[in-house]
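Undergrad: One-letter residues, chain by chain:
Number of protein chains: 2
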Amino acid sequence: MKLAYSSASPYVRKVMIVALECGLADRIEKVPTAVRPDQPNTALGRDNPLMKVPTLTTDGGEVLFDSRVICAYLDSLHSGRKLIPEAGGARWKALRLEAQGDGMTDAGILVRYESTLRPENLRWKEWIDGQTLKVMQGLDALEKEPEQLAGDLTVGQIAIACGIGWMQFRSIFGDLFAGKPKLKAWFDRMSERPSFKATIPA
Amino acid sequence: MKLAYSSASPYVRKVMIVALECGLADRIEKVPTAVRPDQPNTALGRDNPLMKVPTLTTDGGEVLFDSRVICAYLDSLHSGRKLIPEAGGARWKALRLEAQGDGMTDAGILVRYESTLRPENLRWKEWIDGQTLKVMQGLDALEKEPEQLAGDLTVGQIAIACGIGWMQFRSIFGDLFAGKPKLKAWFDRMSERPSFKATIPA
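Chains E and L supply the protein sequences, listed in that same order. Following my numbering, the residues of the first sequence are numbered contiguously, the last one being 401. Following my numbering, the residues of the second sequence are numbered contiguously, the last one being 401.
Rather than coming from a laboratory, the hints here were simulated on the basis of the structure. One or more hints might be untrue.
Copies of one chain are not kept apart here, so a pair can be met inside one copy or by any two copies together.
Unchecked claim - With a cut-off of at most 30 angstroms between alpha-carbon atoms, the simulated DSSO-like pairs for lysine-lysine come out as follows:
1. K324 to K281
2. K201 to K343
3. K281 to K292
4. K292 to K379
5. K324 to K292
6. K343 to K229
7. K324 to K229
8. K396 to K379
9. K343 to K281
10. K229 to K379
11. K324 to K396
12. K229 to K381
Chain E on its own, in the form it takes in the complex (with noise of 0.2 angstroms):
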């Protein structure tokens, strides 16, 4: 299999945690892909309309995007323990709770973009202050009810993790944890984890 890939890209860290989980990222070769929203990557349009990492293209030349359609096929391609519960309430808890992480990840990317990429007489507080209550809501959430944390991982746990990773490595936000000793256990744990430990980005 081949995934576009760039190493600081949080849906990209995400797939690559699931493969060294799931046993296989022995079998992705990493094609190194820039993507910025005002610098189009038309090369990678032709695999990915949308021109996002990751795109995977599997080993019969399906292209496959984007980061959940991506986990979910690498979890269907081993017959370990699944990283998404096959039925019942696991898997709507682990899917919801990758929705939330993808989602205050999607809303710190926004700021980014807002507060870096944009000419700065072109930048809007109102849209900053919306997207960063989303992060600030969806990390207090997990502080308040820590048993949408706990359990064997998921693929809920990683888009948290990876989410919350990202925005440290951008240092957007200041201190995520401030109040939320819960959550920073809770991080500091998954942080320990090979998996995690091979995918800091860089």
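Following the hints, position chain L against chain E.
TA: Using the frame of chain E, we list chain L on its own:
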């Protein structure tokens, strides 16, 4: 089930079309909910920290989001033909198409925010151009490979049609079908389905 609802949202429409196609619509109570990125709906934030519609509360009191998770949940509640094929190539084709439809819709929404909500003196042409290109490449890819849209109805086709329907409703990009007779014929056929007619944005 209760659904935080706005008739103008393409993602709410996607969920309602899935509910109608699966025979579940009469089990869903619609709760009118206003969302705007510059006017955070903190009441909705108590259920969904991302403050987005659709947000579903199940009969068991679990909160589910986003539209992908809700559509998959609804598709699990009935024993008829599934809108998300359960395995194999058909599954990945449908989920990839859903990701493409959602991604095109996300890009269209960002263009609309930029060109209507954002104060006029803070708009950035490169941003609009980059997001517009994602939509146009997505439409081009569907015209070039109409087999992507062929076969029994899936959540992928629904996502594409809701995105196109919403862009027409908001008149963001002019004629989406210029030079795309195959895509137009497909969309016209989709628009004839009772589930689409019952969910036209108002």
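Undergrad: Please go over all the hints and tell whether each is borne out by the structure.
TA: For each hint, the structure was consulted:
1. K324 to K281: Neither: 42 angstroms inside a copy, 44 angstroms across copies.
2. K201 to K343: between (40 angstroms within a copy, 23 angstroms between copies)
3. K281 to K292: both (14 angstroms within a copy, 21 angstroms between copies)
4. K292 to K379: For K292 and K379, only the intra-copy Cα distance (22 angstroms) is at most 30 angstroms; the inter-copy one is 41 angstroms.
5. K324 to K292: Neither way: K324 and K292 sit 34 angstroms apart in one copy and 40 angstroms across, limit 30 angstroms.
6. K343 to K229: between (38 angstroms within a copy, 28 angstroms between copies)
7. K324 to K229: neither (37 angstroms within a copy, 32 angstroms between copies)
8. K396 to K379: Cα proximity of K396 and K379: one copy only (23 angstroms, versus 47 angstroms across).
9. K343 to K281: Only inside one copy: K343 and K281 sit 27 angstroms apart there, 36 angstroms across copies, limit 30 angstroms.
10. K229 to K379: neither (36 angstroms within a copy, 35 angstroms between copies)
11. K324 to K396: Neither: 35 angstroms inside a chain and 39 angstroms across chains, both beyond 30 angstroms.
12. K229 to K381: neither (35 angstroms within a copy, 35 angstroms between copies)
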